[in-house]
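S.K.: All chains should be built: construct the whole structure from the sequences, respecting the hints.
Listed in order, the protein sequences are those of chains U and D.
All residue numbers for the first sequence refer to the working numbering, where the first residue is 1 and numbers rise by one.
All residue numbers for the second sequence refer to the working numbering, where the first residue is 1 and numbers rise by one.
Note that these hints are calculated values from the structure, not bench results.
Note that the structure is a prediction, hence the values are computed from the model and not measured.
Be a bit skeptical, because a hint or two may be false.
Claimed, not checked - For each label pair, taking beta carbons as the anchor points, the in silico distance ranges come out as: (1) 74/D - 20/U: 38 to 44 Å; (2) 16/D - 77/U: 39 to 45 Å; (3) 130/U - 103/D: 42 to 48 Å.
No residue lacks a Cβ here, since even glycine has one placed at the ideal position from N, Cα and C.
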Amino acid sequence: MAEARRAVERPLSPHLQVYSFLINMVMSIMHRATGAALYFGTLLLAAWLVSAAMGQKQYELVSELFAHPLGKVVLFGYSWALIHHMLGGIRHFIWDTGRGFQIWQVNLLSWLTILGSVTLTIVLWAAALGIRGGF
Amino acid sequence: MSQQMSQRTPLAKVRGLGSAKEGTEHFWKQRLTGVSNLILVCFAIWLVVKLAGADYATVKRTLAKPQNAIPLLLLVISGVIHMRLGMQTIIEDYVQSEGRKVTALMLNSFFTMLVGLTCAFAVLKLSFGA
Ligand code: HEM
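M.R.: So this is what it looks like as structure tokens:
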């Protein structure tokens, strides 16, 4: 029965170390990393909605946590990850149509993703803070 | 079964080791929910920016409106399916041991269901609750 205990030998994806450093590779890793971060970041959305559903006291407590400098850092990171992953997703959709595979296009899309996500995140925070003086 | 001296064809050897035969479905659902996320996340960002720093009464009133609650519910459903599929891919890529993989996939399903239902319940309570 020793055989039955052997792990099923499905192929695994190649390890990152075998590739040389390229911007599209970094963006690929970032798409996965932001996806995983967003996975757990959904708990922030849950905390916001649940506290609002529970009542004023609970909502104000969560708002205070979010407004704390540390909370702000977490929220900023979450919002950037969301926007970065969203732009990365658009890049994937372009590729899904069979377009954008020239090296220069791949590089351009990669740079647009990172520059776009940073810019958009800062603009949105400026807008949010500008509306009512912040979280 | 000896791997070297086998009379079996290469195809027969990989049968049973291969994919779970749901790859296309997985890929397609990831894209489908990716597109719906794209639209719904933009809506949610707009809503959150608008509500930043608002008082409780305003937040509650805003979230209870159907034109906000329905897209939020859609986002929760779409987001939860998408994140479950995405994490499944990550687990299948990195977790080698069959036992740990099955456990991780189960936890993935439990976690996404729990978070999804909790969020949905909260939105519904804001709309229908006292
Ligand atoms: C905002 C709109 C979003 C778009 C357009 C989008 C798009 C995509 C696409 C196209 C993929 C597949 C990438 C691939 O095949 O390699 C993907 C993967 C993934 N997404 Fe999203 N997504 C969005 C939001 C989210 C959210 C909100 C979460 C989590 C709560 C999330 C979590 C994930 C995860 C965990 C993966 C798997 C990453 C991987 O396999 O490397 N996504 N997303």
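S.K.: Hint by hint, note whether the structure agrees.
M.R.: Hint check results:
1. Roughly 42 Å separates the CB atoms of residue 74/D and residue 20/U, a value that falls within the hinted 38 to 44 Å.
2. Remark: the range hint 39 to 45 Å for residue 16/D to residue 77/U is upheld by a beta-carbon distance near 43 Å.
3. Separated by about 47 Å at the C-beta atoms, residue 130/U and residue 103/D satisfy the suggested range of 42 to 48 Å.
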